[in-house]
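Since chain A is already given, all that's left is putting chains B and C on it; use the hints.
Residue numbers (my numbering), protein chains in the order written: chain A, 1 to 106; chain B, 1001 to 1079; chain C, 2001 to 2088.
Bear in mind the hints are in silico, worked out from the structure with no lab data behind them.
Computed from a predicted model, the values in this text were never measured in an experiment.
There could be a bad hint or two in this list.
Computed cross-link-like contacts, EDC-like style, restricted to lysine to aspartate or glutamate with a CA-CA straight-line distance of at most 20 angstroms [what the hints assert, rightly or not]:
id : chain 1 : residue 1 : chain 2 : residue 2
1  : B       : LYS1044   : C       : ASP2058
2  : B       : LYS1044   : C       : GLU2052
3  : C       : LYS2050   : A       : GLU5
4  : C       : LYS2050   : B       : ASP1047
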Amino acid sequence: MSIREIFALICFLIAIIFGLGGIIGLFRFRDPYSRLHAGSLCGTTCALSTFFGLLLLSSSIGMATRIVVIIVFFLISAPTGSSIVGRFIWESNDTEQTKKKKEQVL
Amino acid sequence: MNLILLVLILALSIFVIASKDLLHSVIALSGISMLSALLFVLLKAPDVAITEAAVGAGISTVIFVWAIRHTRRREKEES
Amino acid sequence: MLVVMQWFLLFAAFACIIRLLLGATVSDRLVALNVLAGVSLALLVLWGVKQERVLYLDVALVYDIFGFIGLLAITRFLKDRPSEGEDL
Chain A
1 MSIREIFALI
11 CFLIAIIFGL
21 GGIIGLFRFR
31 DPYSRLHAGS
41 LCGTTCALST
51 FFGLLLLSSS
61 IGMATRIVVI
71 IVFFLISAPT
81 GSSIVGRFIW
91 ESNDTEQTKK
101 KKEQVL
Chain B
1001 MNLILLVLIL
1011 ALSIFVIASK
1021 DLLHSVIALS
1031 GISMLSALLF
1041 VLLKAPDVAI
1051 TEAAVGAGIS
1061 TVIFVWAIRH
1071 TRRREKEES
Chain C
2001 MLVVMQWFLL
2011 FAAFACIIRL
2021 LLGATVSDRL
2031 VALNVLAGVS
2041 LALLVLWGVK
2051 QERVLYLDVA
2061 LVYDIFGFIG
2071 LLAITRFLKD
2081 RPSEGEDL
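Pulled out of the complex, with its shape left as it was, chain A reads as follows (with noise of 0.2 angstroms):
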């Protein structure tokens, strides 16, 4: 196990550590809006980890310099995404539940 895998291994915990806790805050939470919180943070994490560990593992420098880029993508796209359906389901839902929540808002 040289140095770089034990990096690697730690990496992969992390991941299954926060992959684990988005899907129970999946299924946990009633509100779409904790839901997506839980979701899509713990998910962004779980897949960043991923990406850092497969970076430590990958053999070649033309997979290690893809890795990367698909990183950045990843970090551009991801949070971006969910802050958009996060703007969506505020926007959407007229409900009476809702309607007190962007009184207290606004």
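Coordinates of chains B and C only, in the frame set by chain A:
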């Protein structure tokens, strides 16, 4: 391994047919195209997976949503 | 080590799909789709590294970009029609 992905695709496609709201089926369709791209990578066909990922997640979902935008979103109940 | 990670990511994707099937409102489904995209991206890169084929990583890159564009399209088109079953 392939079997699991195939079972998931089957479950999603049954859901696409069963759902009343067209929008839910479009979202499930986008999930199906993602899973099929995953399956193509598993079957060692990366070029097919690239086109499936590009078409499935990118273009077909946009066209479906656009079509839904012009028609009625909920299927008409047979009154 | 990679195999354990692969099975865990498959389990996460399976849980996301269960969430997508069960979720009643559109917003839950979009959330599940968003998380599923991230998890399947990780699976793609993991298979790419496992088989040491560099071409698989391009699939993940293409999928990331188009997934983002698809999500933008879904939410942008639905911004002006939030209510259910409104007839045109």
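The hints, checked one at a time:
1. LYS1044(B) x ASP2058(C): Holds, at about 13 angstroms.
2. LYS1044(B) x GLU2052(C): 12 angstroms, holds
3. LYS2050(C) x GLU5(A): With Cα atoms ~14 angstroms apart, LYS2050(C) and GLU5(A) stay inside 20 angstroms; holds.
4. LYS2050(C) x ASP1047(B): 18 angstroms, holds
Hint compliance for this structure: no hint is broken.
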